[in-house]
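Undergrad: Protein chains in written order, with the numbering used here: chain A, 116 to 559; chain B, 41 to 489.
Since the hints were made in silico from the structure, they are not lab data.
Each hint should be verified, as a subset may be incorrect.
Below, simulated BS3-like cross-link-like pairs (lysine-lysine); rule was C-alpha separation at most 25 Å, straight line [as the list claims (entries may be wrong)]:
#: 1; chain 1: B; residue 1: Lys-46; chain 2: B; residue 2: Lys-71
#: 2; chain 1: A; residue 1: Lys-357; chain 2: B; residue 2: Lys-46
#: 3; chain 1: B; residue 1: Lys-71; chain 2: A; residue 2: Lys-357
#: 4; chain 1: B; residue 1: Lys-43; chain 2: A; residue 2: Lys-357
Chain A regions said to be covered by chain B (calculated; three or more residues, Cβ under 8 Å) [stated by the list, open to error]:
#: 5; region: 320–327
#: 6; region: 348–356
#: 7; region: 364–371
#: 8; region: 537–544
To give an idea of the interface, some chain A residues facing chain B are shown, with a C-beta separation under 8 Å as derived from the structure [said to hold, decoys possible]:
#: 9; residue: Pro-259
#: 10; residue: Arg-382
#: 11; residue: Ile-414
#: 12; residue: Tyr-428
#: 13; residue: Tyr-474
#: 14; residue: Val-549
Here the structure is a predicted model, which is why all the values come from computation and not from measurement.
Ideal Cβ placement from N, Cα and C applies to all residues, glycine included.
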Amino acid sequence: MPTWGEDWGGLWGATTDAQVLLPDTIWFGDDPTGTPANLAVDESQVATNMTAAATWIYEAAPASRFNVLTRWTMDALVDMNNTDTGRIWTQGGTGRWRISVAAGVISATLQIGAALVTVATLTLPGVSGSDERFLISWAAEPNPATTGASDALRTELRAWNITDGTYDQTVTTHGARDTETGAAVWGAGSTAGASPFTGVIYACRFGTAFHHSQTVRESFLSNVAPPALLGESRREVIVPPKSTGLGDDGQLAGPLFLRAALDTRQRDLWLAGPLVNEQYWDLVDHDGDRSVSNLTWCIEDPDDANRYLYVAYLYRRPVPPSVNKVAARVFFQQYETIPGSPDDFTITLHSMSQPGPLYRPPTSPATYERHVASSGIMNEEHGSGATAGEWVDIGPCNVARDLQGYTYLCLGFESRNQAANQRWRIKALTINPVFSTVSAGAFT
Amino acid sequence: MAKYFKQSIKTDTTVPRPAYEPFEARQPARKTPLVSLFRAQDRCVTMGRRVLLTQSLRGCAAWLVPDTDPVAGSQTHPLNTTVRTVARGKLELTPGHMLRLSVLCGLSGQTQRVGGAAFVEDGAGGTLRVTITWTDSLGATESTTHDVDLPASGLEFAASIDGSEGGQWKALRVVELSGIFPENLGTNVARNRWTLGTTVEVAIANIGGCRVVDACVSEEPLAIAYEADDTSARWVSHMLGNAEPGGTPPSITHPYQRLSESVADGDPRGGTWHVQDVANNQALRLGPTLITWGYYDEDDAGITTTEVAGITTTSSTFVGVPNTSITTWSNTQQGWDISAAGYARPYQHNHPSAVGNDGVIPVRFRVYYTCGATTTGVARIQSAADSWVDVALSAGTTGWATAYGYLRCGQGPGDPATTMAFLRRASGANNVTLHYLSLYRSGNFAVAA
Numbered sequence: 116m117p118t119w120g121e122d123w124g125g126l127w128g129a130t131t132d133a134q135v136l137l138p139d140t141i142w143f144g145d146d147p148t149g150t151p152a153n154l155a156v157d158e159s160q161v162a163t164n165m166t167a168a169a170t171w172i173y174e175a176a177p178a179s180r181f182n183v184l185t186r187w188t189m190d191a192l193v194d195m196n197n198t199d200t201g202r203i204w205t206q207g208g209t210g211r212w213r214i215s216v217a218a219g220v221i222s223a224t225l226q227i228g229a230a231l232v233t234v235a236t237l238t239l240p241g242v243s244g245s246d247e248r249f250l251i252s253w254a255a256e257p258n259p260a261t262t263g264a265s266d267a268l269r270t271e272l273r274a275w276n277i278t279d280g281t282y283d284q285t286v287t288t289h290g291a292r293d294t295e296t297g298a299a300v301w302g303a304g305s306t307a308g309a310s311p312f313t314g315v316i317y318a319c320r321f322g323t324a325f326h327h328s329q330t331v332r333e334s335f336l337s338n339v340a341p342p343a344l345l346g347e348s349r350r351e352v353i354v355p356p357k358s359t360g361l362g363d364d365g366q367l368a369g370p371l372f373l374r375a376a377l378d379t380r381q382r383d384l385w386l387a388g389p390l391v392n393e394q395y396w397d398l399v400d401h402d403g404d405r406s407v408s409n410l411t412w413c414i415e416d417p418d419d420a421n422r423y424l425y426v427a428y429l430y431r432r433p434v435p436p437s438v439n440k441v442a443a444r445v446f447f448q449q450y451e452t453i454p455g456s457p458d459d460f461t462i463t464l465h466s467m468s469q470p471g472p473l474y475r476p477p478t479s480p481a482t483y484e485r486h487v488a489s490s491g492i493m494n495e496e497h498g499s500g501a502t503a504g505e506w507v508d509i510g511p512c513n514v515a516r517d518l519q520g521y522t523y524l525c526l527g528f529e530s531r532n533q534a535a536n537q538r539w540r541i542k543a544l545t546i547n548p549v550f551s552t553v554s555a556g557a558f559t
Numbered sequence: 041m042a043k044y045f046k047q048s049i050k051t052d053t054t055v056p057r058p059a060y061e062p063f064e065a066r067q068p069a070r071k072t073p074l075v076s077l078f079r080a081q082d083r084c085v086t087m088g089r090r091v092l093l094t095q096s097l098r099g100c101a102a103w104l105v106p107d108t109d110p111v112a113g114s115q116t117h118p119l120n121t122t123v124r125t126v127a128r129g130k131l132e133l134t135p136g137h138m139l140r141l142s143v144l145c146g147l148s149g150q151t152q153r154v155g156g157a158a159f160v161e162d163g164a165g166g167t168l169r170v171t172i173t174w175t176d177s178l179g180a181t182e183s184t185t186h187d188v189d190l191p192a193s194g195l196e197f198a199a200s201i202d203g204s205e206g207g208q209w210k211a212l213r214v215v216e217l218s219g220i221f222p223e224n225l226g227t228n229v230a231r232n233r234w235t236l237g238t239t240v241e242v243a244i245a246n247i248g249g250c251r252v253v254d255a256c257v258s259e260e261p262l263a264i265a266y267e268a269d270d271t272s273a274r275w276v277s278h279m280l281g282n283a284e285p286g287g288t289p290p291s292i293t294h295p296y297q298r299l300s301e302s303v304a305d306g307d308p309r310g311g312t313w314h315v316q317d318v319a320n321n322q323a324l325r326l327g328p329t330l331i332t333w334g335y336y337d338e339d340d341a342g343i344t345t346t347e348v349a350g351i352t353t354t355s356s357t358f359v360g361v362p363n364t365s366i367t368t369w370s371n372t373q374q375g376w377d378i379s380a381a382g383y384a385r386p387y388q389h390n391h392p393s394a395v396g397n398d399g400v401i402p403v404r405f406r407v408y409y410t411c412g413a414t415t416t417g418v419a420r421i422q423s424a425a426d427s428w429v430d431v432a433l434s435a436g437t438t439g440w441a442t443a444y445g446y447l448r449c450g451q452g453p454g455d456p457a458t459t460m461a462f463l464r465r466a467s468g469a470n471n472v473t474l475h476y477l478s479l480y481r482s483g484n485f486a487v488a489a
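Excised from the complex, chain A in its bound form (with noise of 0.2 Å):
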């Protein structure tokens, strides 16, 4: 069970309105204290409030507007343990759209071609004797590796566990949901109040589209901060589709076209993907004087005779047009044979015209153009373990291509005191594409 790394602890006040209510929202209620009467306020854009009850809330039949069947995600903000049971969400007299609990298990259950069916259930992660806060999603969409009508849909049920930081999903497939617009109710199976949850909801959404579990996650969970990214970034602008008839006749058509040119806009990049992206497994040690790393593999660098090019980490790929630098993540393990003080060490990035200044291709400038970036002084004791190691950045770099739009990208290894004893190996390394309209102002 993998274990969340950020703190959790946040909730609420990490969350704003803009965060939860999505366009897609047509209800959503909370309260910090899950009472009913305020649980009841449909602070969505539909502004429909339910009814409260005791411990439920409902939305007497007909409830259409929760008559949505290809597409939707169904959050729900909970207290419970795993003796806890009953109905989280119901729609319709018999419970034909429903989510479910029992002894720390959460089922998903619909009415398909006039029979009740569980599409997915799962164990929430954590569950215990006592009460923990548990955030619920329960997200469908069409499958989009359908064979017919049985498994036209595909659910994808998940379960964080806020108090201890697990997590757990499950995916299935299956049929569409038969249309229902009896009364919808969230924390019992009915109305009146039949299969009461015994847990507490302080919040529950219902949006008409699917959402993975990251913007449920950032929707209620988390307060990420803004990224430092090295270049430029690119997202597509929603063009409304044709089926919302803002492109039709009598329609103006100056807001279709003005979102369609800021999307294009976001287009130049959407085909850059990583230039390597590599796992290594045999591992080679690289050391200090280059006994174990053969010499004969290595090559000087031009500009610098204390540090050597290996072979091994040459590639040849071709680089979009639209980029301008390639950006390096080397995951790296140091250590010494002789345990002590570990040496000063850094990794460089090379991209270069033609691979290396010993043979130039027929593709090749007549210029041997080259550029280097740097990792900072490493001098880590990571151990010689399987799993030790850290992650460096390095670069941004600038391009340097050959004739036919390629560049040979290598790395570069340096060691202050070239001794026997240091050991370093590469473990992963991304080359990634990055447009940057940013000069460092020198040559790198």
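We have chain A; now place chain B onto it with these hints.
TA: Coordinates of chain B only, in the frame set by chain A:
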């Protein structure tokens, strides 16, 4: 009668950033910015240089083919007829793109052949073979094989180098093969067939004394063609410029829904409807490749091995691929990085309010695996503690399995998205083996299994 719109997309190197200000409120309607927008929509598909499959040294320190004299009577060098598959991948092509091969290699070594009852020396040389099964949008397939001969060593015993420091760098050579097609693309019918949606299953094999530093099968833009009545869900390019994206456009005199309202053989271009379709199809169908991995290991592979071994387990709990000592995801452990996928974040799953400082993409996760006769397994790709995609592995199978799902990717390079693969046995008593995996951005639409 079929009516085609086609463009050569070989030479474009930019996606113009169309001005949006002319479409803002209180601006007069003008033709020029509209045509610029349509032309810009032509160019997204000209940017594909995606890496599909590679064979690399991956940090090794010795060649498979030794520098020594073949030992008469025993096999010490590869046969020049044995096809040793070293990499496999399966994924969808960007419409309008075909394939090219780049091989950065050392000088090929000595081979052997069976002479009578013994192995005898058979000269220096190596061939790199790319085999491809192309599947079109209707499920029909074509198979092609492409061989490139690699330069041979002229040194004694066809050694890789003369033994000097940096010797491997002197011996480097580059070999290329461009224009890898499934069939003759000289007709509109053929170009249209491979524009509408193509899945390729690619394999790289070494024959003889190959010494490959980095072989890379990647996309190259060629030509894109749509027929007027192709379903609107397929168009990922506006196709406004005739013959090429910068070509002569049709006359646009006022905002249209589409240029021609004809039901059959009309002209869907030039209006609001097509702008909507193309923008949404680009977001759905286009995106980068992220990981192509295989277990090939140059200095430990056998000279008679015809298929890569892979990571094998009988564990009922997950073990890492390729580092089996890792059993759970952690962003402080080794892995791949898929942060570049942040360049292709669809709005639907990256609403700025909910995911304003993060990113997620839809993916296809394909694995090439082997399960024992009564044994099933699960392979997982994971990029956050609460973001993974599982694919089920069937009993008694060697082949590909595919799953669709979503992964956290961050917002771009600088926002790391450490990604790990895991493997476990789900039932039975035999081994589960993962040989290769492919991961790429792919929206919610049907692809070849």
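Undergrad: For every hint, state whether the structure bears it out.
TA: Outcome of the hint check:
Note on B/Lys-46 and B/Lys-71: the hinted pairing holds, with a Cα-Cα distance of about 23 Å set against a maximum of 25 Å. Simply put, A/Lys-357 and B/Lys-46 have alpha-carbon atoms about 23 Å apart, close enough for the 25 Å limit, and the pair holds. A distance of roughly 22 Å separates the Cα atoms of B/Lys-71 and A/Lys-357; the hinted pair therefore holds under the 25 Å criterion. As the CA atoms of B/Lys-43 and A/Lys-357 are separated by approximately 23 Å, the hinted pair is consistent with the 25 Å bound.
Given as covered by chain B, the region 320–327 of chain A passes the check, having 3 residues with a CB less than 8 Å from a CB of that chain where 3 are the minimum. Coverage of the region 348–356 of chain A by chain B holds in this model, with 9 residues showing a Cβ closer than 8 Å to a Cβ of that chain against a need of three. Check result for the region 364–371 of chain A against chain B: holds, 6 residues qualifying (beta carbon to beta carbon below 8 Å, three or more required). Requiring three or more residues with a Cβ within less than 8 Å of a Cβ of chain B, the coverage given for the region 537–544 of chain A holds, as 3 such residues are present.
The restraint placing A/Pro-259 at the interface with chain B holds, with a minimum CB-CB distance near 5 Å, inside the 8 Å limit. A distance limit of 8 Å between C-beta atoms decides the matter here; for A/Arg-382 the minimum to chain B is near 4 Å, and the interface restraint holds. Here the hint on A/Ile-414 is kept, as its CB sits about 4 Å from the closest CB of chain B, short of 8 Å. For A/Tyr-428, the interface hint holds, since its Cβ comes within 8 Å of a Cβ in chain B; the closest pair sits about 6 Å apart.
Hint on A/Tyr-474 holds. Least Cβ distance to chain B is approximately 5 Å, under the 8 Å limit. The closest approach between the C-beta of A/Val-549 and any C-beta of chain B is roughly 5 Å, which is under the 8 Å cut-off, so the hint is satisfied.
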